[in-house]
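**Q** Turn these sequences into a full structure, and let the hints steer you where they fit.
Those protein sequence lines, which keep their order, are chains A and B. Note that our numbering has the first sequence beginning at 5, numbered continuously upward. Note that our numbering has the second sequence beginning at 9, numbered continuously upward.
None of these hints come from the bench; they were simulated from the model. Only a predicted model underlies this, so the values are computations on that prediction, with no experimental measurement involved.
Cross-link-like lysine to aspartate or glutamate pairs, in silico, EDC-like; alpha carbons within 20 Å at most:
id : chain 1 : residue 1 : chain 2 : residue 2
1  : B       : K90       : A       : E167
2  : B       : K32       : A       : E307
3  : A       : K155      : A       : D72
4  : A       : K188      : B       : E92
5  : A       : K188      : B       : D95
6  : A       : K107      : A       : E89
7  : A       : K38       : A       : E98
8  : B       : K124      : A       : D247
9  : B       : K125      : A       : D247
10 : B       : K42       : A       : E307
11 : A       : K187      : A       : E274
12 : A       : K187      : B       : E91
13 : A       : K46       : A       : E110
14 : B       : K125      : A       : D255
15 : A       : K248      : B       : D128
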Amino acid sequence: MNQELGSLLSKKLESESINGEIINLEPLTGGASKEIWKFEVKLKDKSEKYILRRGSGIEGPLAIKTSDEAQIQKTVRKLGALVPEIISVSSLSEPLGDSYIMKFVEGETIARKILRDSEYKNAIQNLAFECGESIAKIHQTDTAELSFLPKKTVNEQLNDLYETYTVFNQASPVFEYTYLWLKKQNFGEIDDALVHGDFRLGNIIVSQDGLQSIIDWELAHVGNPLQDLGWICGNSWRFGNTDKVVGGFGDLKDLLDGYNSISEYQVDQETVRAWQVFGTFRWGVICLIQASAHLNGAINSVEKAAIGRRVSETEIDIVDLLFLGGR
Amino acid sequence: MIFDKPDSVELLDAVNHFLNEKIKDEVPPHLAFKLRIVENVLNIVSREITLGEKLSNEVIKDLRELIEKDTANIKDLALLIKEEKLDLQNEDLKNLLVKLSKNKISIDNPNYSTFKKLID
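**A** This is the structure in structure tokens:
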């Protein structure tokens with residue numbers, strides 16, 4: 005299989021005038037729904053490292069096409085946001101399938117390594133501020149070039165999530181309560197913008213020098229952008245470092261200082277809190293969606309089966325936030 | 009039960025031991041990640057067999073007291089909240105939702121940070 009993939013990559017890169025032998029092709033641990041491959045192209049006197057990101061063809065209802073992710077990366081890169089350079093894009097009908105090839109960026113994505121390894125100790129000191137800056141830059145993207153992206157108001161998104169939850173016919177008293185609570189919240193009066201949709205450790209590349217790149221745009225959409233700030237504060241993305249509200253590495257004040265240093269719209273902590281509950285509910289529904297791909301027989305995957313039992317993580321986080329003084 | 013030893017939990021324990029001792033170091037990194045998931049799944053099944061009924065019954069008992077109906081289940085509670093037929097500020101309701109969430113996570117992932125924080 006690797007040999008076959010290698011020859012597909014080779015042909016695709018030839019069409020971009022990159023001619024060389026594909027070497028060291030290896031799968032990386034990706035998300036649950038994408039294949040990620042790392043490889044090198046052997047050129048005359050050196051070799052260059054690349055990443056292939058490839059959709060499975062079965063996207064969740066919230067996800068966009070992999071080739072559309074490439075278009076977003078190209079657009080935000082022009083703005084100076086930190087994203088890997090796109091080399092080549094393949095549509096679903098091409099031999100390589102719905103995928104793209106980008107330059108490899110040195111650094112780490114694995115959350116536990118970034119949070120625990122001493123080599124990132126200095127980098128994470130300023131990471132919350134850097135993330136705030138980067139999120140604000142993404143939100144300044146001109147969305148005119150991204151007309152293919154789904155556009156949703158907060159209420160539409162909330163109702164979509166709720167309806168998706170009900171489709172699975174798995175009653176959750178906590179989610180019912182959460183939905184009613186969320187309908188009464190103020191999510192900030194800000195203009196619609198490009199939302200990354202999954203900005204957190206795992207989807208950013210961090211080196212010893214700090215934030216290097218923002219990847220994994222499959223949940224991107226246009227809407228109230230402040231949800232990116234609440235999302236990274238969800239306990240699901242703190243990887244056990246519960247005390248560090250921002251991604252398990254930083255404080256909310258630093259994230260907001262970074263954001264507010266770039267954004268005209270100034271965000272306060274209370275608004276982020278509403279988005280934090282929203283994000284936790286959203287992650288719970290995404291877990292349901294992922295598990296349903298296994299349950300309905302579309303795919304037999306122990307990962308997807310297991311994620312069904314992570315819904316309860318979001319429920320305990322929500323009751324902690326709503327009733328028990330959790331942050 | 010008419011079945012011989014080992015019982016289901018003991019069988020799962022043997023499989024988990026095998027994966028941990030014999031397989032873990034043999035698999036490439038991208039499969040090591042999946043192997044951890046497999047181990048987690050086996051542990052969920054094991055905990056559910058051992059504790060599931062007790063933890064479930066605890067919640068159902070409180071739920072039936074709260075809504076005063078002795079056949080009520082989780083679906084009934086969800087529906088009553090949805091239709092706002094319960095006072096959402098009622099402390100007993102909040103406590104029930106907390107207990108439900110704690111009991112579920114103690115089967116699914118007792119090492120989850122929020123749960124550990126709350127039981128400390």
